[in-house]
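Asks: Chains as they are written, first to last, in this note's numbering: chain A, 552 to 685; chain B, 177 to 558.
Think of the hints as simulated: they come from the structure by calculation, not from any bench. Beta carbons are placed, not taken as given, at the ideal position from N, Cα and C, and that holds for glycine. Hints are not guaranteed to be accurate.
[Claimed, not checked] Label pairs and their calculated CB-CB ranges:
id: 1; chain 1: A; residue 1: V558; chain 2: B; residue 2: D480; range: 51 to 57 angstroms
id: 2; chain 1: B; residue 1: A351; chain 2: A; residue 2: A607; range: 27 to 33 angstroms
id: 3; chain 1: B; residue 1: T442; chain 2: A; residue 2: F572; range: 47 to 53 angstroms
id: 4; chain 1: A; residue 1: R684; chain 2: B; residue 2: A351; range: 29 to 35 angstroms
id: 5; chain 1: B; residue 1: T469; chain 2: A; residue 2: A685; range: 57 to 63 angstroms
id: 6; chain 1: A; residue 1: V558; chain 2: B; residue 2: T469; range: 47 to 53 angstroms
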Amino acid sequence: MTAVRGVLGALGVGLAAYGAFLLLTRQEGPQVLDVALWFVVGVVLHDAVLAPLAGAVGWALPRVVPGPARAPVAAGLVVLLTVTLAAVPVLGRFGALPDNPTLLDRPYAAGWGVLAGLVTAAVVAGTVVRARRA
Amino acid sequence: MPTEAAFTSRLRSAAVAARVGAVLGVCFAVCFLTGLVSHWAQLPRPAVPFPTSPAWGYRVTQGLHVISGIACVPLLLVKLWSVQPRLLRPVPRGTRRRLLEVAERGSIGVLVAAAIFQLATGLANAARWYPWQDFSFRTTHFAVAWVAIGALVLHVAVKLPVIRAALGADVDDTALDRPTATRADALSRRGLLRTTWAAAGVAVLATAGSSVPWLRDVSVLGVRSGDGPQGVPINTSAERAGVRAAASDPAYRLEVVHGERTVLLTRADLAALPQRTETLPIACVEGWSASGTWGGVRLRDVLDLVDAPRRPHVVVTSLQESGPYRRTELPGNFADDDRTLLALELSGEPLTLDHGAPTRLIAPNRPGVLQTKWVTRLEVRA
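Chain B extracted, bound-state conformation (with noise of 0.2 angstroms):
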């Protein structure tokens, strides 16, 4: 096992880690922020309201969600690349400074762990990839979102005189260099620096496509094209969630309740009622997005044959016999707002099977897993 001293290279230094650090930290604040959103999106039955509006909000926070996660691949691989010696360093003597170096050992390894794990599943969720066998992602990349911002703050905070002194000094001022750090190396430190830009800027344009439309063509590593059925891509088929014979057969009712009354509609009743056109996005949870023309029904009307109250709670069930988004629950706002469709039609034809004819459920503002398809029953709550 190498020692601390036996590294010499000068690149791993204070200077460069407190220089990418700031980067990655601002880029950990932004996945962390914009995952608060998501997970408010996500809420039932918020406290404070989800807005509606702007339409394409989820799509914008969700999207830099994602970028800014994958701009911190490169981020945090140089950023631990250049710290790699302290790891190895001896630990002091004298119980106090051991029980601190303990400490702060801790305290680094549950933010190295809880770095990766997230950048990790997060990459993985994103490509719809699952190599774990039990836990939930969505619960425990949540929470290990905490883990991982309060790790930070607190390494911030023990870090913060080292911090501000790399940041004060030159880039290439030894003041904070280890002694045995004297090597040059083929990069300057300004040299490394620009290069984990350069590679973070790389990972975000080969992958940003699948959420931003005009970098489609030079997004290869992106986890969708963008294209599909109808111009938008899709998260789960009609085959896979079990609905093909249900969605197309003829006897499909679409049942909306409220208290004691309950009306049926065929698909036929629902192209009866006044039809509207909205330019709404599917935007994905794992950051894909992409907008579509929807042609339907506006949720409104139909709730309107039941006499629901406004800012009704409407619990959204399809016809999918299983998964946790079988039934989802619709807030009034969203419930209310004119935009908000059952879609029979997309990009002007009627909905496919996959895109989730008969009818779905299309509301701006909303994570893509919400939106729900193969509705078959509305059920008005107070």
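Pulled out of the complex, with its shape left as it was, chain A reads as follows (with noise of 0.2 angstroms):
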């Protein structure tokens, strides 16, 4: 396994090392600045907003969701709301363009209604299933 170990990492480093060099010559520097930039913006927003509030809602439902619906009610909000993180830039419509109607052309904010609506029966359904078994 050691060998296979030190291919891969020697691989490993040297596909990065591509891709590290592609980034600082392929652009001028203000745009390589401009990566930079939206690599720590990426980290920062996952680690100092999205973490603590996933580790808050998980210390909070055990306190305010009763038993039987503990389970139905964490897997409900982990399939929404990472759902939602990747529709957001749908959600907000932030691309769209006047000229363009067939862009973002869909009701997203009552699809977005449908789905959550969907998970909630799923949730309800799973905590009817599991007081009943209790």
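Join the two chains into one complex using the hints; note that each chain is given alone, in its own frame.
Replies: Pasting the structure below:
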């Protein structure tokens, strides 16, 4: 396994170094700085905002939600919140253009509402099943 | 700041991290490989020609690129959550161990930053949202892809013994657990894993309809409904490209140039040439795609008017005055393909201005950005 790890490790360093080379040589200085800025923004948004929020929700859940609903609510929150995060660009319609009605052309708030409704229904169903079993 | 020991949930474990990580790794690999295909497809003069068949190839690879990227969002979030205590573990004593620790954390920092960056910029680009100031999306997304995949391979190399032990044992095995991670949560480990797969599945179903037609009705969060004038969506309108006047001007001529020979064609001249009909997809780099029935002139028939050689390299120029895709290069195998058209019609009607009237290029298995609209000049180069 040591040999496999050595080869994989060297390969990984090589691939990443090629990426760094592309990153540093194909664009001007200010553009590279902008990339660096967004690298930091992404990590800070996750580590300083999302991760503590997830921790807080995890802490509050057993204190707020009654026993049989806890697992379904936890599962429902994981599904709904992660999908919502992935959908931020369409929910905000930040890229919409007045001259192009074919772009971002769905009723996203309503769609999200349907999705949230389905997740809620699944959570309620899961809770009922668990409460009956108990 | 909490310490590693303060995280007591049994879920934050190597057992969960290895399983979610394995699926996440596969999704990243799919993203990387399909991304390389897309890069290859966009090279102006590829050393190995990009194939023209199957016509739907790019539609599938680029759809897969965006779909697997979206699946990565819940996977990455759960993966990071499951290993968060490791971020806060104490730095070991001793110079050598400390150096190794710093190197490993550095590589993980690069991996996490690159992974978040790729998913965030990819999602934003798919929705045509560019909140950053300076950098080029395409150049940067391509470069950081190598950084991310390299850091991922290195991470697997470093963690291989733990990954093997975790995947080889039962998911509830405690041998690899942190000493303080003993608290049972609402969800079991199996429950969390099932929830994670469900979240990735819901994310895919909610968005994939932009590239998978039969999912249109359930993809409530897709970037496009897939509808548009003549049944096909639009990326750049004639208004935005600034071609409204030039494209509707009766003085419009298509200029076809090969060396000393130049032929000028009006739209009526093009319509008088033998007309063909081809069903070909528009497959955008942003992942959405739509099939269209295009009517028009075979490009090869037009190139024959200036005696272009076989396998001609053709520079295609649009009426639009600026933008990186004003001029595109059409490799010889695409120029010679019988299905490559200068389209005059879509769905049996004359092309609308937004779809590229008077005429646009439509070729099989080609990224949408290179299916040049409002074509004004074709130049055959060696």
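Asks: Hints first: check each against the structure and report whether it holds.
Replies: Hint-by-hint comparison with the structure:
Between A:V558 and B:D480 the CB atoms are about 53 angstroms apart, so this pair conforms to the stated range of 51 to 57 angstroms. Between B:A351 and A:A607 the beta carbons are some 30 angstroms apart, a value that agrees with the proposed interval 27 to 33 angstroms. For B:T442 paired with A:F572, a C-beta distance near 49 angstroms keeps the hint of 47 to 53 angstroms intact. Remark: the range hint 29 to 35 angstroms for A:R684 to B:A351 is upheld by a beta-carbon distance near 31 angstroms.
One distance hint, 57 to 63 angstroms for the beta-carbon pair B:T469 and A:A685, holds here, with the actual separation near 59 angstroms. Range check, A:V558 to B:T469: Cβ separation about 51 angstroms, and the 47 to 53 angstroms hint holds.
Consistency with the previously given hints is maintained throughout, with no hint failing.
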